[in-house]
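Both chains are given apart, each in its own frame, so use the hints to dock them into the complex.
Residue numbers (the working numbering), protein chains in the order written: chain A, 1 to 308; chain B, 1001 to 1530.
No lab work stands behind these hints: they were computed from the structure.
Hints may contain errors.
Stated by the list, open to error - Facing chain B, from chain A, some residues (calculated, C-beta under 8 Å):
#1 32
#2 40
#3 44
#4 54
#5 56
#6 84
#7 153
#8 156
#9 158
#10 161
#11 231
#12 253
#13 257
#14 268
#15 269
To be verified - Here are some of the chain A residues that sit facing chain B, going by a computed Cβ distance under 7 Å:
#16 31
#17 36
#18 43
#19 51
#20 83
#21 85
#22 94
#23 157
#24 166
#25 255
If you're wondering where the values come from, they're calculated on a predicted model, not measured in any experiment.
For each residue, glycine too, the CB sits at the ideal point set by N, CA and C.
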Amino acid sequence: MVRYIIKRIVAGFLSLLMLITLTFFLMHAIPGGPFSSDKYRKTPQAVLEQIQDQYGLNEPVYVQYISYLQNLAKGNLGVSFTKLNYSVNDLISNGMPASAKIGFLAILLALLIGIPLGTTAAVRRGHLADGVSMVIATVGVSVPSFVLCVLTMYLFCDRLKLLPTYGLSSWKCYILPVGCMAFGQIAYITRLMRSSMLETLRQDFIRTERSKGIPELAVIGKYALKNSILPVITYMGPMVATLLTGTFIIEKVFSIPGLGRYFVNAIGDRDYAVTLGLTIFVGALIIICNLIVDIIYAFVDPRVKIDR
Amino acid sequence: MRKKIAAALMAAVTAMASLSVTAFAEGNVLKFALTQECETLDPGTSDYLQSSAVIMNLFMGLYMTGQDGITLTNGCAESYDLSEDGLTYTFHLYDDLLWSDGTPLTAHDFEYSWLRVLDPALASGVVSNMYMIKNAEAYNTGKCEADEVGITAVDDTTLVVELENPTSYFIDVTAEACYCPVQQAAVEASATWSQKADTYVCNGAFKVSEINPEESYILTKNENYKYADTISLDETDIVFIADGSATLTALKNGEIDMTNNISSQAQAEFDGSDQLMSFATIGTCYYDFNCEHLTDTRVRKALSLAIDRDTITQNLIPSKPVSSTGFIPYGISYNDSEEDFRTTVGDLLTFDKDTAKSLLDEAVADGFDTSATYTIIVKNDEEQKTVAQAMQAMWKEYLGMNFEIVTYESGTYWDVVHQGDFDVAYDGWTGDYDDPDTMLECFNQVECVTQNRWSGENAEKYDAMLKECAAMTDQTSRFSEFVEAEKLLIDESPIMPLYFRKSQLLVGTNVTYAINDTLGHTLFKYTEVE
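Here chain B stands alone, though its shape is the one from the complex (with noise of 0.2 Å):
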């Protein structure tokens, strides 16, 4: 009896060594916590950060983001060629390319996939990303057929692609998570393709070995992947972690080697720190003036004057993000050069309460009424929350017009916004590729009536400006017209812009190379350990 007892406890620590000898894999392995699972896989239907964080490191466009996170390298294109007209687009992939299954991969993949994204019975929620493609609109609004699309594959390595209007930032899409390639022949087998390990195709830096839903994600070196020899890592483990805290624990602790949820604990524990890493993002956070409520834009602007952001962004907001000094964030280039955008326009926005108090003197001799109650919205957030009391404090003191703060659960807020029942109201926006057009387009009229409801002459002329950039190919006019659109929207104030986004990571000691792209996607591929 008692040698069987010893038996059963031999083989039972046997097989606790075994177990905890798999959870240290060989090789290179990053640990990188995310705070929930990716609502899905598929590049042709994410529209989330979450999801295209991940679907970044597994596929790759014609083009991709270097290693720097901001410029563009060739990713399955080896060149391109534009027409005069700057119409159509001439790509020449590489004829070496592989799907991760082994399978060669074609241009004609990237008409089937870009088409897939087209089709109306996908209903992809990040279709419109397409839209500058010759009859993109009309075939996914059910106007036209396919095959008038301008997307074509001519050979195995030839694909050309006519757009509607000249696009100068075309390149820079083509890296964007829908316009990656899927595999045809794995997309029809199943529906489900993109949620099982086993039927998972890519053609990125790393391949799906391992899906444990809402546990984690095992991401393997793809050995097929065209620059494979250029990827140091071997494995790279994606596991889901929800509370902040647990996630900062884990990270010193060792469980974890990276993260990019970033507690205000793990905040002010790191601050200053190499290990917490910050990248400059294009984003903007602002908040709304409903136009149709606060109708003279003297107003409007006395109350953005009124706000020292940079009191707000240091003391207030744990990540202290740089204040805004005008709509377009930093990290969009001046017409193709080296320069910034922001840099060269320089700053629109400055704090500046006696400017503020006199604009709103002279709104008040017309008629505006200062002993009214106007109400702030803001989500359930702490953050915003905070933000939104230093907003309330100032505008009493340094105008003294009263506000109160209302706030709304996240399934609720943007119904409230839409249906424009507030003053002032929180929002942001993202862009997605290197233009100021990405940042401006979000206040067209189509834009504005279910936000700011910026109305009226101006906004018409706003409208027609970004409208006539679409058509424009002369970049020094195009972008001086740019400047002029931005002037003119803070000029007349249906926003308050706040500061400018930023991305961060958390990463361990034995991290030595870590970067996000100016969309916020951790990329695996250049990441290093020791």
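Same shape as in the complex, but just chain A (with noise of 0.2 Å):
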């Protein structure tokens, strides 16, 4: 166990590593440079140069990417070159709460819904419940978020003037926000859980169990649910990692003080130490959370056996 999860360390840093490289010089061979816009128009060209040169900019590319690393191995991520004097560490710091509890309460609320949803739409197949939780479910994952944002918003906030428009000032607040991120989520966690929980139901041992005449509700409960949330928790781990950093759209109609917005806007302003700390941030995010998944699966199901 132990020397799978250091192993899994390592390989996580290389594909760190990957990802880094791979970003930092795509990042740099966009056209345009971040002190190339709008804003710097009225700049005289000897102050722009010694702009760039505070920013090290003027350096020739890999030099800049050594010191970057360097810069990265003290777990400094660089200065953002469009909020001045701010460091990307404190703009992670201070948009990740907002996003981490936004995305806390959407996660708990897609897996509330989405797992008892799916398990009764595969114990009553063909059923009632089965005909409307799929329809959500379609629903769910066929409407794109910014549609579903916009018109929450105009019913809830421009029409039935019930919720507030902007910020996350009061619990009110956060119903559209999470209500919209869960949604997608939702159906998906419902899809997967629907057939997961039809393939184990088809399984002998289930017939067994309810042949010893134990409860239909413990034998779904007990037996079925163990066996089958598997899936579910394999998508966790990407899931928790995006849903905790934020989503651009919902955090940019919502006006959240989110993670998300940042790694649009970086890439649009050429904020190349934004856009760099954000990728290595949900990257080793990611990382993270599929290493506890992994870890999971063996206490959910002692089958799984990781140690190879």
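Structure (structure tokens):
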């Protein structure tokens, strides 16, 4: 087990290094630079040179790459080019709490609704409950989140005036963003859960348990659920990482001071440091979440041997 | 058990009730929505509208913009003397100026702050706004020492400033963000002083009580502000809402009182209403002609004459700006008089498709090729694309010339312009001070290299005229020189002005007075709410 974890961590570091290298050079390959936009039109060339010098942008790209790695080794993700005097570490620690709060609630909601809904659909296959949950799941998968965001905002904020439009100042503010973020996930988890549960219910051991006279609820809850939840757990690895770090659309529409917005803005602004920093952060988080998922596997299903 | 649940419920209800109480703070509070957080709250490095809009409410320079958003009034300075040669300004500061932390503010603070902006180590993007000060450019580019720069605090209330050339608008620029004082103790205590409320020291109408990154700034009235008794707001909450329709909904629901983020939907919904306010801005939206491709002046003139500006500005642009009749917009005074420069000079640009056609025909007779397809480049922006399509159609109809439109994402757009990879390119310029120079300077030879590539005899003449203006002390002849320079610019048409920029505010019904200055900064210190 320990050996396996160490192996995974080493592999994780290698993939992270590849991710950094790729992002770094791709980012620098995009035409345009952080200081060639509208904002710097009035700045004389000599001053621009000076500014670029301060950020080390006049060095050859490979020199910048090496010094970036050196700083990274010290845990320093660099300084933002657009938010003056802000380090990328600051931006992450400022934005992470809001994104994580919304993300955590959305994950919780998605699991609490998705798992029972999928289970019910499988158990009551062909019945009304199955139909209803599959309709929800199909809608959820196919409606893009920006449509959902704009639609719910129009309905609950503009028309009904029930919920606040922006920020996170009260509990009411959480309803729409969490709901919108969870909706697609609920749909996905429901479908995963349903198909996996159907598979499990066909297994011999379920028939055995039933024949023992164990109540149906216990058969499902105790035996079938444990066996069919594995795909959901697999899916949770990347889901947790991406939801916790926020989504651009939801954070933009509901004005949430989170991380997600930085992603897109930083690429548009050619803010190399922020783009790289966030990529590394999310990349590392995905690797860690996947590792945790693998470890959880071993506990949920002892048949899964990870020590190979 | 049940009692416990009841108690817990009661506690929750009380907690919620107290939450909603804090949401409505006491006193006169204005909630203002900006699209995004400021890049910086340090006046010395702020060269963006988003940042300086907030900074102008937190700091006060020697002079400042008055309640009408246009005229200057006293800020930290009570008066000034100007030497005979127009080169030396002696500012007399009030002796009761205080920082927001209660410590005294003196002329030495100005000396420190201005030299700080000029310090090459700060690498401030706005530094060229100070280059009119003696040796400022030399110091900034490492050619001399700080003590040779023409900024000297003689005593606590006297600041002597020497300039390179007589600059009639120097008093105007002392109101700009980069000329505002910063507290040496605060700046030197922490490199991130402007990022946290407890280290932030300022001297303007408001002080910073809270900085919630990407969420809000809570500004409260600064009791130590020199003119504190004129401020009607107790608090201004600046919130960041990126989405235009969310901003509109928030305004209509009363969650915010005022915004400068006005979507086209808001524009249509509030068209003609008192709640949608417009303010003249010293700025012009224009298009660059690449003079290396369109070498014939007659062609450039023809293209400019063949554009029906009113159709574009009144029908296609939601904010309906005023069509350009020259390059210098309204709002710049003629020779310090009450007269407006634009009104005095009159219209230099019209829509005249017949003259356009005959000019083009002359050029064709001399070998200009109208069968080729030319390129208009714009940024990936709805308004710019619509305008480009209209121009494309007009040029096709009136001149029979073919244009294709290429759009670039904003991160690469300016690089394409700088490389000269276009025939016609979207561009714009916003001035900083009340003098024609603030607009005309953007077409000197140094600047043209990276935009319209205008060169040759007339371009050099234009340059010489502006240089002459910079050194002239006689304002009457200086202004007639400006008039000539603008005429030359329009005659040569390296650019095609389209409309004069304006800034707008959408306000709630509870806002009784709101004002933007001519640069588009919203001045909360003059805002009144019911």
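Right, here's what the structure says about each hint:
Checking residue 32 of chain A against chain B by beta carbon gives a least distance of about 4 Å; that is within 8 Å, so the hint holds. At its closest, the beta carbon of residue 40 of chain A sits 6 Å from a beta carbon of chain B; the interface hint therefore holds under the 8 Å criterion. Evaluation of the residue 44 of chain A hint against chain B yields a held restraint, the C-beta minimum of about 5 Å falling below 8 Å. For residue 54 of chain A, the suggested interface contact is upheld, since its CB lies about 5 Å from the closest CB of chain B, less than 8 Å.
Annotation: interface hint on residue 56 of chain A violated; nearest CB of chain B at approximately 12 Å, more than 8 Å. Hint on residue 84 of chain A holds. Least Cβ distance to chain B is approximately 4 Å, under the 8 Å limit. Satisfaction of the interface hint for residue 153 of chain A is found here, the shortest Cβ-Cβ separation to chain B being roughly 6 Å, below the 8 Å cut-off. At about 10 Å, the closest approach between the beta carbon of residue 156 of chain A and any beta carbon in chain B exceeds 8 Å, and the interface hint on this residue is violated.
Because the smallest distance between the Cβ of residue 158 of chain A and any Cβ of chain B comes to about 5 Å, under 8 Å, the interface hint for this residue holds. With 8 Å as the threshold, the beta carbon of residue 161 of chain A comes within range of chain B, its nearest partner Cβ sitting at about 6 Å, so the hint holds. Violation of the interface hint for residue 231 of chain A is found here, the shortest Cβ-Cβ separation to chain B being roughly 36 Å, above the 8 Å cut-off. With 8 Å as the threshold, the beta carbon of residue 253 of chain A comes within range of chain B, its nearest partner Cβ sitting at about 5 Å, so the hint holds.
Restraint check, residue 257 of chain A versus chain B: the minimum CB separation of about 4 Å is within 8 Å; hint holds. The restraint placing residue 268 of chain A at the interface with chain B holds, with a minimum CB-CB distance near 6 Å, inside the 8 Å limit. With a least beta-carbon distance of about 7 Å to chain B, the hint placing residue 269 of chain A at the interface is held under the 8 Å criterion. Satisfaction of the interface hint for residue 31 of chain A is found here, the shortest Cβ-Cβ separation to chain B being roughly 5 Å, below the 7 Å cut-off.
Because the smallest distance between the Cβ of residue 36 of chain A and any Cβ of chain B comes to about 5 Å, under 7 Å, the interface hint for this residue holds. Interface restraint check for residue 43 of chain A: the shortest CB-CB distance to chain B comes to about 5 Å, inside 7 Å, so the restraint holds. Taking 7 Å as the C-beta cut-off, the interface hint given for residue 51 of chain A holds, the closest approach to chain B being about 5 Å. With a cut of 7 Å, the hint placing residue 83 of chain A at the interface with chain B holds, because the nearest CB-to-CB distance is about 6 Å.
Annotation: residue 85 of chain A was flagged as interfacial toward chain B, and the flag holds, the nearest CB pair being 6 Å apart, inside 7 Å. Interface hint at residue 94 of chain A: satisfied, since its Cβ lies 4 Å from the closest Cβ of chain B, which is below the 7 Å cut-off. Satisfaction of the interface hint for residue 157 of chain A is found here, the shortest Cβ-Cβ separation to chain B being roughly 5 Å, below the 7 Å cut-off. Residue-level restraint check for residue 166 of chain A holds (minimum Cβ-Cβ distance to chain B is 5 Å; threshold 7 Å).
Taken as an interface hint, residue 255 of chain A checks out: its beta carbon lies about 5 Å from the nearest beta carbon of chain B, inside 7 Å.
Hint compliance for this structure: hints 5, 8, 11 are broken, all remaining hints hold.
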